[in-house]
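Chemist: Sequence:
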Amino acid sequence: MGLSSPVHHRSDSACERIKALKKCEEVHGSIIRSGYERDVVVCTGLVRCYGGNGQGYHQEALRIYDNMTNENVGVDGFTLVGLLSSCSHVGALNMGVKLHRIASEIGLLRNVFVGNALIDMYAKCGNLDGALEVFNGMPRDMFSWNSMIVGFGVHGFGDEAIYFFNQMLEAGVRPNSIAFLGLLCGCSHQGLVEEGVEFFHQMSSKFNVKPGIKHFGCIVDMYGRAGKLEKALEIIGDSPWQDDPVLWRILLSSSKIHKNVVIGEIAMRNLSQLGAVNAGDCVLLATIYAGDNDEQGVARMRKLIKNQGIKTTPGWSWIEVSDQVHRFVVDDKSHPDSGMIYQKLEEVTHKATMAGYVKGKSQFIFHGSCSEECLESSSTYHSEKLAIAFGLAKTPEGTSLRIVKNLRVCRDCHEFTKFVSQAFNRDIIVRDRLRFHHFKGGLCSCRDYW
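Numbering (the UniProt record's numbering), first residue to last: 1 to 450.
Simulated from the structure, these hints should not be mistaken for laboratory data. Any given hint could turn out to be false.
For each label pair, taking beta carbons as the anchor points, the in silico distance ranges come out as [said to hold, decoys possible]:
1. L169 x E295: 13 to 23 Å
2. V261 x F113: 47 to 57 Å
3. R63 x G191: 18 to 28 Å
4. K306 x G212: 45 to 55 Å
5. G339 x R63: 52 to 62 Å
6. L109 x V261: 49 to 59 Å
7. H258 x E71: 48 to 58 Å
8. A355 x L109: 40 to 50 Å
9. G191 x D66: 16 to 26 Å
10. N67 x F113: 22 to 32 Å
11. S334 x P396: 17 to 27 Å
In this text, a Cβ means the ideal position worked out from N, Cα and C, and glycines have one as well.
With the hints as constraints, model all of the structure from the sequences given.
Modeler: Encoded structure:
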């Protein structure tokens, strides 16, 4: 397969979102100055504005709700849907449960929109039992089924996603592209390659649903995770999306998992021709080179990041404690309890080590702005480690910790969290960029297959 011709992508949607954010903030300021911050209709619109923005302003939406509560301003179905969406994004399960109770009190549990928002909230906060309870007690539409299938899929429960898919067909509901996305995601994360490929073919042949780039991404990921990198490369070549960096980045990630230099370099060359290389890509290939003892390859990646000033979004983690969402970044010192957190982290690390944890050692260190594995070095405290330490310090024994991370969890933090769950007898649920990890008793639900 030949290399793709250079394509330079411009993120028009990102620019639009930034403009929308600024406009939302301007409107918020005008509302306060005009004295309408207590108006239920105005506040409802503002919550929906922040909650639906997609740029991390979900905490702001939840803060507005706190103000509404303090001013005895009521909520309606629209407000609940917006707030539940924000809870979904930041993993604020406790707040979501409160909103569930409010929905029950004002008689909205039979409202299909509120019900679907509740299913989505519970699933994205790592509580599939809660999602199933809501699902079983409400009138269902296609989105209700989709939420359950996608929920099981991102949790890595492919068998359950398949079961719900079949139940949906028996109920006479015709699947759409979202249902297949959840199905393929579950198959990919559970290693159900044959089943996933069959469903992928059925999309168009049986249900007349045209696969999109995300569906092709699931298939590439499915083959890649299973070590069938040549087949994954073939899928990209046969797809209408070979000029999109997403598929090449998935292939590069799979190449890292299986330490395949040749396929990794093919993926990087295509990313380079597309003008889409970021720091995370460089680090992934550098990791492959390091595993192959190719010091020159590692040096080339370090030089590429330095000379071209490649940057990417830093990693962060959210954790909800006492109905408040706390946000951490790597080596974070900004939290008011920073001193206590680092002291607790030393204790946590010691106990995890006694339980068998061995701190990962990076074979190379990148400086400057970077992401994911770029931060895998002994000189940093990753955001999820800080969140775990804070959660252990601030919650009673036996309480489950729920953490949301915007990047893929690194291997060292994954091992760390497994042993922390054993040493402290805690269930720890981590939602990273790709999937959920349920840690319990020293094991993870992904069975180290992620």
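Chemist: Give me the numbers of the hints this structure contradicts, sorted from smallest to largest.
Modeler: 1, 3, 4, 5, 9
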